[in-house]
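Using the hints provided, position chain Z relative to the given structure of chain P.
Protein chains in written order, with this note's numbering: chain P, 281 to 632; chain Z, 364 to 521.
No wet-lab data here; the hints were simulated from the structure. It is possible that part of the hints are untrue.
Unchecked claim - Listed next, with one range per pair, are the computed distances between beta-carbon atoms: (1) Z:Gly389 with P:Asp370: 50 to 60 Å; (2) Z:Ile417 with P:Ser561: 22 to 32 Å; (3) P:Thr497 with Z:Ala468: 44 to 54 Å.
The beta-carbon is built from N, C-alpha and C at its ideal position, and this holds for glycine as well.
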Amino acid sequence: MAKTKSNRGPASRPQAASSARRLGSPAQQVSQSAGARRRRSAATKRRSNRTTFSAIGIVIVIAAVFVVIAVTGGSKTPTPSANVVTSGQDPVLAAPQMVDPVTSIPLSVYNAVGVYSQTLPQTVIKGQTPLKSGTLPRAVYVGAEYCPYCAMTRWSLIAAFSRFGTFSKLKMTSSSSTDAAGPNIPTFSFLRSTYSSPYLVFTPYESLDRNQNALQTVPADVGALYTKYDGNQQTGVAAAPFNPTGVGIPFLDFGNVVVSSGAPGFLDPVLAALAGGGPGSTTAAASAIIASSMHNPSTAEASAIGAKYLIAFANYFSADICTIDGSKPASVCGSSGVKAALAQIKAAKPVG
Amino acid sequence: MSLDVGEPEAPTRPSARNWALLGCCGAGLGVSIYLTLTHYTKVVALVCSNNGAINCEKVTTSPQSVVFGIPVAVLGLLFFVSMLVLALPRVYQRPELSIARLRLASSVVGIGFVLYLLYCELFIIHAICLWCSSVHILTFIIFCLVVSGWPEVSRYDE
Chain P
281 MAKTKSNRGP ASRPQAASSA RRLGSPAQQV SQSAGARRRR SAATKRRSNR
331 TTFSAIGIVI VIAAVFVVIA VTGGSKTPTP SANVVTSGQD PVLAAPQMVD
381 PVTSIPLSVY NAVGVYSQTL PQTVIKGQTP LKSGTLPRAV YVGAEYCPYC
431 AMTRWSLIAA FSRFGTFSKL KMTSSSSTDA AGPNIPTFSF LRSTYSSPYL
481 VFTPYESLDR NQNALQTVPA DVGALYTKYD GNQQTGVAAA PFNPTGVGIP
531 FLDFGNVVVS SGAPGFLDPV LAALAGGGPG STTAAASAII ASSMHNPSTA
581 EASAIGAKYL IAFANYFSAD ICTIDGSKPA SVCGSSGVKA ALAQIKAAKP
631 VG
Chain Z
364 MSLDVGEPEA PTRPSARNWA LLGCCGAGLG VSIYLTLTHY TKVVALVCSN
414 NGAINCEKVT TSPQSVVFGI PVAVLGLLFF VSMLVLALPR VYQRPELSIA
464 RLRLASSVVG IGFVLYLLYC ELFIIHAICL WCSSVHILTF IIFCLVVSGW
514 PEVSRYDE
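Excised from the complex, chain P in its bound form (with noise of 0.2 Å):
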């Protein structure tokens, strides 16, 4: 008892001492929460700062690094300046300097050329069931790489088509050199190479090499097209009433609404102009001067090769898939170069 009574006695006086020292006097202890408050909220503001910078920091490094090997990574293309066409069975990957210019062509250049006053050198038809690849509509084209009328037709093709989608791994090589019509004409190969579009799908098959050796099967469907509406490749009879010339190649098919089989006449002066090698001293400089003269057909060089047709060919390829694409994108179907061969192409009377 006399424990309890010390312990409420004077044992409890140094407690209530020492919490008052601890915890100090109101105003003090308002003091020190706040400067702790403060002192937490600066820690708390100094790691949200970090977080911040370490945000935005990540962003731009990652746009930094796509950008310098972007940069960087172009500076090993090969130069154009290499030789390097072979039989066709393996030809190597076109050069930037022959792909960019063929599918960046400035669309003021599309609609000062227009269809340079040709006539329609497609057919059109009717009644057929449309062709598609699932949803999207299909444009087929077979070809040969030994072919001088296929050599320029693809470049007319490829800068088309870039302007509804795009190539990769395009190829380089020339046409044949014992071709009297025209030989060792510069131009692309299809051979495994891709195309990808949101608006359509397109199939080219190269049937055969430089040299005339079997190069890709052509498949079945792809086959009946060719014989439905080119003709028989083995009786030389060319397919009434689609084909009024002879069976042939390239043979090109828009969604079963517009064919065509072999190049047109207005190609003749870049027949002339090409065949021999073209303007350069290799097949990669030729490529690059006439991939240039596309671009820009203003030059003398350009006027020389004959370039205003390849690109008013470019236009009538560029209607076409307009035709069967629901006209889309509008700002390529919509344009006057295109309108024109448009133009033409609602006047023909269909066949079929």
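Same frame as chain P, but now just chain Z:
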């Protein structure tokens, strides 16, 4: 006497950050509307260089210009409409943390998509679209504004 100094109150007048966010969202919305119109109509022409590396036509007609069947221009339109709503002063000043989180998440998704499109332009399409780049820059600025403002709004209550 209360020792609690209280949570910060939401400001009643739009802050400079809010105004900057509104401005960027508005500008981005304008460009997105323009790109969407050029994609769908023949009336509005895409005014841009088509030479070499700067080629708007090549970029806007590339396969990468459509994602899951939706044109990228339309996706941009939806992004800027939603960000504009989230940046309106009445919405921006709301104390709900969920709104701030939604704004942060949207800006992160936006900048992620910008990085993907930049990759496509540089490595797949091999061309740059100036109008698209302006949208990318505006999205980056929006991202910076939202992220740098997060510490302030993250103190709001749910």
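Verification of the hints:
| no. | hint | verdict |
| --- | --- | --- |
| 1 | Z:Gly389 with P:Asp370: 50 to 60 Å | holds (55 Å) |
| 2 | Z:Ile417 with P:Ser561: 22 to 32 Å | holds (31 Å) |
| 3 | P:Thr497 with Z:Ala468: 44 to 54 Å | holds (51 Å) |
The structure meets every hint from the earlier list without exception.
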